Every structure is written in structure tokens, then in C-alpha cells.
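**Q** Sequence order for the protein chains is U, S and X.
Number 91 in the numbering used here belongs to position 91 of the first sequence; there are no gaps in the numbering.
Number 291 in the numbering used here belongs to position 291 of the second sequence; there are no gaps in the numbering.
Number 19 in the numbering used here belongs to position 19 of the third sequence; there are no gaps in the numbering.
It should be emphasised that the hints constitute simulated quantities derived from the structure, not laboratory data.
One thing to keep in mind: the hints can contain errors.
As the list claims (entries may be wrong) - Every beta carbon over 12 Å from chain S, so not counted as near; a handful from chain X, in silico:
1) I28
2) V75
3) P102
4) D129
5) H154
6) R168
7) D180
8) K199
9) N200
Said to hold, decoys possible - Straight-line alpha carbon distances no greater than 30 Å define the calculated BS3-like cross-link-like pairs of lysine-lysine that follow:
10) K10(U) / K87(U)
11) K207(U) / K5(U)
12) K5(U) / K87(U)
13) K289(U) / K36(S)
14) K212(S) / K25(X)
15) K155(U) / K25(X)
16) K268(X) / K246(X)
17) K145(X) / K36(S)
18) K330(U) / K233(S)
19) K207(U) / K268(X)
20) K227(S) / K89(X)
21) K13(X) / K212(S)
22) K7(S) / K36(S)
23) K227(S) / K289(U)
24) K268(X) / K30(S)
25) K207(U) / K99(U)
26) K67(X) / K212(S)
27) K207(U) / K246(X)
28) K207(U) / K10(U)
29) K155(U) / K5(U)
30) K25(X) / K233(S)
31) K199(X) / K36(S)
32) K212(S) / K330(U)
33) K5(U) / K268(X)
34) K199(X) / K89(X)
35) K199(X) / K227(S)
36) K67(X) / K227(S)
37) K89(X) / K233(S)
38) K233(S) / K212(S)
39) K246(X) / K13(X)
Treat the numbers as computed from the prediction; the structure is a model and nothing was measured.
Idealized CB from N, CA, C, for every residue including glycine.
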Amino acid sequence: MAENKLLEVKNLTVNFHTEQGTVYAVRDVSFDVAPGEILGLVGESGSGKSVSMYAIMGLLAQNGRVEAGQVLFDGQDISRAAFPNEKSYLRTMRQLRGKDMAMIFQDPMTFLNPVLTIERQLIEPILNHTRLTRAEAKARALELMRQVGIPSPEKRIRQYPHEFSGGMRQRIIIAIALANRPKLIIADEPTTALDVTIQAQILELLKELTRTTGASTIMITHDLGVVASMCDRVNIMYGGKLVETGTDREIYYQPNHPYTMGLLSCVNNPEEEDRPLEPIPGSPPDLLKPPRGCPFVNRCEQAMKVCKLRMPEYENLSPTHLSACWLNEKRRRERGGERNG
Amino acid sequence: MEDTYRKYLADPGALDALDPSEIPDQLFEKLDDSEKDSEFVAMASKTYFQDAWCRFRRNKMALIGLIFIAVMILAAIVIPILSPYTYDGQDMLLRNAPSSWAHPFGTDKFGRDILVRCMYGARISLSVGFAAALLNLVIGVVYGGICGFIGGQFDLVLMRIVDILYSVPTLLYVILIMLVFGANIFSVLLAICVSSWVGMARQVRAQVLSLKEQEFAQAAYVIGASKPRILFKHLVVNCMGPIIVNTTLMVPDAIFTEAFLAFVGIGISIPMASWGTMANDARSLLMSYPMQMVWPVAAICLTMLSLHFIGDGLSEALDPRKR
Amino acid sequence: MADRPYISIQHLKTYFDVTRSLFEKRQIVKAVDDVSLDIWPGETLGLVGESGCGKSSLGRTIVMINKPTAGRILVEGEDVTALRGEALKRFRRDVQMIFQDPYASLNPRMTVGEIIREPMDIHSISEPDARDARVVELLRIVGLKPDHIRRYPHEFSGGQRQRISIARTLALNPRFIICDEPISALDVSIQAQIINLLKNVQREMGIAYLFIAHDIGMVKHISDRIGVMYLGHLVELGSSDDVYFKPLHPYTRALLSAIPIPDPVAGKARRRTMLQGELPTPLNPPPGCPFRQRCPQATARCGETMPELREIQGHWVACHNIER
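Required output: the full structure, derived from the provided sequences and hints.
**A** Structure representation (C-alpha cells):
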């Protein structure tokens, strides 16, 4: 695909060095994000979905290392390997994070400083990355607060984070993220800590803002309902690997990978007639010693011998739909091996 | 056709080299469930204390401290038994003798063997230290645990009593207790305990107060566990870490208090030896025979230091968050 | 079908005094305010609502972790709120609870075997020698292996720990289990495992559940009836299809429209009734309907009296504006 891409991640591999050994958190993950789209990143805890995003933003914990891979953002190579030293990498990433990339976290309280007013916390990023004066920055801050739907911003801008409710704090976080009109917003479980009615408000707001600002959004979540109502495309991650990617309809209506299918049959669509849930047996793999072949082999009902031995290659099911499963090769053979290679 | 699978299982690299279309058909047969690694449980089974011991062992200073204390205890038991001298046996012909084969640490102004006196001192100091720590452990855990567990008005009243006890200087207790029970080792022990269990009680209370809100404590309540069972089997067990550390650090405190009291002349009576009384005896001869002062003081210092290292090592080993 | 409910909650109130000092005005949180409901033997009653609505407080009051301020809890016709000693212990064998956080609900210093055995030891169920065999059987029922018996909770994943929790409650052969958000801390693929386990256990042992959760999709799946709570009040109660497909209370309608459903076409096309504002604090609430400040249909009457829970064809709702 020759169309322009905002973010392109190639063969990203991230390891953590811990007391128990090396944790292979993200293994050889590649994907891209087009301008203006909302990409959902779905996986269970420990699937590597958050770690891959932190690696892209240069926010890995001390013991985490990007072992391999390339990250192209807006045409610029921002992988650690593209910089001569750690300092210049960190400086560039700091610049990028405040301006062109922004992050929205799950728990707003860990991101907001409890002893500073909202005004200080909103104006700071604007002043750091633009040439606006303090008064102009404040005007921009008020505009942002209005944009994210905070009533009477002139009064509330002087308050402290604890005076806001959970939903309002998440709106503040979104306002800070939008401060410098980012091209990419990475939202890490932005609504997990919120109640359903508040979650609906925040999701509606994020969707609206993506449409009006033209920014791309990556939504990290484990909630298939949130993904269905928000995202244009979906990446499914399992055991540190990307197992399937496709448009929302491809993933929900024509899932190819057994894990995706399993995930979908684990959730109940309340709109439909109740059907028995079909849980995936077992637990996710231990990433200290990940399976050599397909990460899902130990929980897969249809696992074959080859699955244990070798990681399947990605199969193009449509220009937008990729899946890594040996069953595709098997089906081809059963059809009589029309195609080779 | 199991062989193809076994062959590649032994050498999976050979399979990676193949083009996907060249992979033998046999490998596309269903994988037997027995070949799957089902329900893994992470990590080898290690209890809390095994795990803590592993971490403790890695701390060199704490290990040296532990060895020193072990040697000291052994010496305090064995040397006075094997030695031909006693703590009060005087040899007027051999006063203030320097170190020699017969008297490795020399003799004091009455010609008593300093090594043997030092070891008798160690018996007293170490037993006072450990006994105080043990008493302190029992009283502090029970009192603090009950206060924290019951809470409310009961806790409020009992903790104010603790505050009052804490506000009276230790020396005052010592003098009062000595007046009533006379100057002996038990009075010293009692005096040390009266003032020191308070810290333990406070710490245990704080821990229990927060632990009892945890779901496992509530689960124990819901399954019908009795109050003592919840308190000791569920709550106290979970604050073992701080309790052990606190107890260990209590030992050098008690040893120091005992030595200090002996040095200023309160405490055990002559001719019994304690490190504090020995230091006091050596004080008058400090200018002419400084070595007589060095032995007891070195014993105090090294013991205290060792116990503190052990305490630090334990607190690190038992509370992994501090790493 | 039994002729009387297993447990009958009547006008239950649980208030918490949160006054911080003697010199402050008295502050009362009405966590549960005049809730009445019946749970029949072997049924599952789902309880939904947003955080702070009192659904967990209600569950915790039933098992007496919280003391009720007023009202009665009848178990098979007997009031249990005043039980003490042996009678309370007897009650505990029948009424159990599964907690939300699988990482906090197991004592980290006990082995799995000790954890599951403890209720049997406390209640002297079966001979001491037979208890270990029963532990192994319970482990098998919840899908764990017998050799897990000597391991410690920290070696297990969240889903496995929740299974251990379930085994611990089953050790008492209870008649009724309160499930306080048992799946909200788990991953999606594990949630379904636990739900199915709970359903299987219910089918085999005929246990009644009070299933507290905020995931309405899952609650609808597991429940026979659903109750909706708002700010300490039960505002709607009915069969799960009735409540989901024909909600009466305006709050229930808004809550249901806010659920993201796992279907991209329907999910994106869905029209939401956006609620204005946020949940008010349950601190000294004014009289009248608790929902009136956010309600699109509020009238003057809503500010004056709290609407009673009324029955409309087997479907109960507390709203002045619903016609009979």
C-alpha cells in the first residue's frame, strides 16, 4: 500500500530483564496507522499491547529494551537505533510526546499533579511547545476545556484535580493531550476506570475529537464492545505477537484466527438471544519462556503439530485483513494446493 | 508418521528453513492434547520464608553479622566452661597483665582474666537482649494486634495508655524498678521491656488496622472464622515481616541499654561481669592500660553492628518493595 | 418451585457515619436506603448500577460485614440480622460470598490446600481425614489440579485465584452465594470461564446467586432477574429480558443505551441517551427521587417524594412518571 501512513511499526521486539529472567513482551510486531483513523489494539493483560505503545513513545521502564524494529512517525525514523546516542533520542522523544504524539492514561490521577491547578497543568505543555504568550496560552486552555465539554471553564480552570470527578478528570487529560494539536493520540484503556454512562460520554467525545481535529487515535483496550463502537481497524494481540489485523467488520464478522474467534465467543452481545459462552480454556502463555510456534497453540482447539513448531506467516485475506494461522495453509492444501509460495 | 513430528521437535530450526508450502503434510495433523502445555503455574513453589532467605543470603554484610553473632553465642557458652579461670577468680600476682597465651585478652586490676569476663558479659548482654526482644514481641503483638483488630473506642483508650507509658523516660522506670526489686538482671530486663514494647504495639496495630480491611480478612470473617483465628492466623501472619525486623532491631537496643545502665552503675552487681561494668572498671586505668577498655567496648560495638546488619538484611529480605 | 423465597430483604437500610470530628456537622452516607427484594432458591438475581450506587454495600450487609441500620433480612423466614454465636455460624454455612479482587481475597501466607480446607475446619465438616480428599475434589470441580494443593496464591493467575475463591466457598455447601463483581478484575477470555463455572456449579448444587456487577452484558447472560440500583435505592426489578429489552425507569434506559455492544455496525449506529452530569454524592441526599437532577422527564413531584417501587405486570419500577 503506497498511501501515506502516519505511523509505521516494523518488526518491533521488546524484552524486559527481570529477576526471574528475560520477559519476551513484544515479539516481531508490525502494523501501521493511517491519518485520521481510529485503530483498536485488543489483547489480554500481558499480551504486549501496552508495552508496544510505550516502546513507540520511548516510555519503557528502566529494565525494558527495544531489541529490534523500526518506528516511522510521519516519515521520520524515531527508533532508538536511528539516533547517535541516548540523549538525542530522549530529547527528540520528549519534543514529540508533548507536541505531535499525545497519550491518555487509564488512571487520570497518576497523570495529574495533585498540588497544581488545572490552569498550570494545561498551560505548561502549550508554553513548552509553542511561542504563545501566557495570556494566549490561557485563552487556548479555556478553548480546550470548552472543546472537551467542561462546563464553566473560567471557574474550573482555577481548581485542583481533586475537585473534579473521575469523568471530568479524564476530560482534563484529553484536553492536555489535545493542547498542541497532536497528529497521533494513544489512549491506554481510557475508560476502564469509569462507569458505563461516563464511559459513553468519553468515547463519544474521543470519536468527535478525532473527526474534528483529524488526528489518528490508537485505542488500547480489552473491551470488545468499546472497540466495536469506536474503531475503524482492529489489531488483535496475543502472547506478544500480533495474530490478526483487519477492519472492524472483518474482525467481528469474518474472524480468521482461532484466538479472535474465541475472544468473540467469550463476550455476550446483550442485544441478541442469549447463547452459551464458549470460553477459551487455559491461561495465556508465560512470556518468560514463550512457545516457539504460535503463541496460542496451548489453548487452541484446532492446534496442529506444525503450530507447536513454527510461528505461522501472515496470510493476506484481503488488502486490509491479515492473519497468522497455519489453518489457512491447511485449508489451501485440502483444496488441492492451487497456489504455492 | 509420528517420526516427522519428533524429528522437527528435536530440531525446529530445520523447519524454519522450509518454505511454508514445503512443510510435510503430516505436520498438519491435529496436535494431541498431551503435547500441549496446559494450565501453567508460574515459578517454582517457594514459600515466603524460603524466598526471603534467598534474598537474605545475597546480602553479604547481613550474612557476616549473622556468623559473628553465632560465633559470639557459641563462645559465650563454651569459653567459660573450658577455661581454667572464672569471672571472679583473682590472681593478685598477675594484675593488669598484657595479652599472653595464658590470658589472651590480659587481666584486669584484680588479676581476673578479661576474656572469660568478656564471655560472661556476653552471656548477660545477649540473654538480656534476646529476652527483652522476645518479651517485647509477645506483648507488643498481642496488645497492638488486639487494639487494631477491635478498633473504635477500645483502641482509642488503650492507645492513649500506651502514649502515657511512652512519655515517661526509661531511666525513671529503671530507678523505680531497681528500688522495688533490687539491682539484678531481672530488674534490668523488666525496665527495658516496660518502655520498649510500645513501638512494637504501635507498628502491629497500624498493620492490623489496614490488613483487616483487605478482602482476605473479610473472606475469613464470612466463612465464620473466630476473632482470634482471624487476628492471628490471617492478620498477624501477614505482618510477620515488620514484626521480625522490629524484634531483631530490639536486641541491640536492649544490649546497649543494659551496657549503659551497667556503665553508670545501675544494674547487675559486682563481681558479676557485664560489658558495661567492665568498661566502667577500665575507666580509671584508661591512661595506663587502654586495652582493658578496648575489649568490652569492641564486644559491644561489633555485636550491635552485627545485629543492625542482620536487621537491615531482614527488612530488605522480608519486604521486597524496599529493594 | 419453592413456595417461599430463600432470602427476603425487607426495607433494608445501611447508613455510614462519616463525620470526621466531633465538631463537624453529622455526615451520613446512605449506602443502602430502603431496599426490599426476594431471592428464590436456585435463581440468579443480577444487581447492576454505577460505582457508589450501593450494590456492593447491599451484598456486604447481607453477609453482615456491614451492620444494617434498619430493616430485616429473612433467610427461610428467620430474621438473621440479630444472630450471634452458633446461630450466626450456622447462617454462614448457608450464605457465602465471592469477592472482587482475586489478588486480595486469598491469604498470601496460606497454601491453596489450607485456604480451601479452612472453612471445613472451622465448621467441623466431615472427618478431619476426609477433608483433604474433599479439597482435591473441590479443586477438580473448579478446574484446578490436585498437585496445586501445596502451592501459594501468588503463583496463580487472576482467573485461577478466582477459582480457588470459589472452591473455598463451595467447601461449605452453601445455599446462597453473593458474587461481588467476581469477574471485573479478569481478562475477557477468563471472565467467560468463571461465568460458566458459576453456572455449572449452580446447576449441580442448586445454589442461588446475587450477582453484583457493572457489566450489564454479562449480568444479562447469567441472571434470571435483574435489579437496578441508583444512589442506594432499587429503582427497577424484573426478569432479565424485561429489564433489558423493555426498561421502564429513565435511568435504566440511559444505562442500557450507554453499554458498548460488541458489534461494529450496530455499535456505531447505536443512539445513546446521554445522561447529563455525574452521579451525585450519597452524602445527606435531599428528599425526592434520587435521579431527578439527571432525569430528562423530571417533574415537580419528583422533587417532593421518593417514588415507591410499584409492580407493572411482574416488572417493578420506582418512578412517578410511569403509567400503570
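**Q** Does each hint fit the structure? Answer for all of them.
**A** Hints, one by one, checked against the model:
1. I28: 18 Å, holds
2. V75: At about 15 Å from chain S, V75(X) clears the 12 Å cut-off, so the statement holds.
3. P102: Label violated. Min Cβ-Cβ 9 Å, cutoff 12 Å.
4. D129: D129(X) clear of chain S: closest Cβ-Cβ about 21 Å, beyond 12 Å.
5. H154: 8 Å, violated
6. R168: Non-interface label fails for R168(X): nearest chain S Cβ at 7 Å, not farther than 12 Å.
7. D180: 9 Å, violated
8. K199: The claim stands: K199(X) keeps its Cβ more than 12 Å from every Cβ of chain S (closest is about 20 Å).
9. N200: 18 Å, holds
10. K10(U) / K87(U): 23 Å, holds
11. K207(U) / K5(U): Holds - the C-alpha atoms of K5(U) and K207(U) are around 20 Å apart, at most 30 Å.
12. K5(U) / K87(U): 27 Å, holds
13. K289(U) / K36(S): 14 Å, holds
14. K212(S) / K25(X): 28 Å, holds
15. K155(U) / K25(X): This hinted pair holds, its Cα atoms lying about 27 Å apart.
16. K268(X) / K246(X): Given that 30 Å is the threshold and the Cα spacing comes to 21 Å, the pair holds.
17. K145(X) / K36(S): Cα-Cα ~16 Å, so holds.
18. K330(U) / K233(S): 57 Å, violated
19. K207(U) / K268(X): This hinted pair holds, its Cα atoms lying about 11 Å apart.
20. K227(S) / K89(X): 12 Å, holds
21. K13(X) / K212(S): Judged against 30 Å, a Cα distance of about 24 Å means the pair holds.
22. K7(S) / K36(S): Holds, at about 17 Å.
23. K227(S) / K289(U): Violated: K227(S) and K289(U) sit about 44 Å apart, past 30 Å.
24. K268(X) / K30(S): With Cα atoms ~39 Å apart, K268(X) and K30(S) exceed 30 Å; violated.
25. K207(U) / K99(U): Answer holds: K207(U) to K99(U) is near 20 Å, not above 30 Å.
26. K67(X) / K212(S): It holds: about 16 Å lies between the C-alpha atoms, which stays within 30 Å.
27. K207(U) / K246(X): Holds - the C-alpha atoms of K246(X) and K207(U) are around 29 Å apart, at most 30 Å.
28. K207(U) / K10(U): 27 Å, holds
29. K155(U) / K5(U): 41 Å, violated
30. K25(X) / K233(S): Distance ~40 Å between K25(X) and K233(S) Cα, so the pair is violated.
31. K199(X) / K36(S): Given pair K199(X), K36(S) holds - Cα atoms ~27 Å apart, limit 30 Å.
32. K212(S) / K330(U): 57 Å, violated
33. K5(U) / K268(X): Holds: K5(U) and K268(X) sit about 25 Å apart, inside 30 Å.
34. K199(X) / K89(X): 26 Å, holds
35. K199(X) / K227(S): The hint is violated at about 33 Å.
36. K67(X) / K227(S): OK: K67(X) and K227(S) at ~17 Å, within 30 Å.
37. K89(X) / K233(S): 18 Å, holds
38. K233(S) / K212(S): 12 Å, holds
39. K246(X) / K13(X): 28 Å, holds
Consistency note: the structure conflicts with the earlier hints numbered 3, 5, 6, 7, 18, 23, 24, 29, 30, 32, 35.
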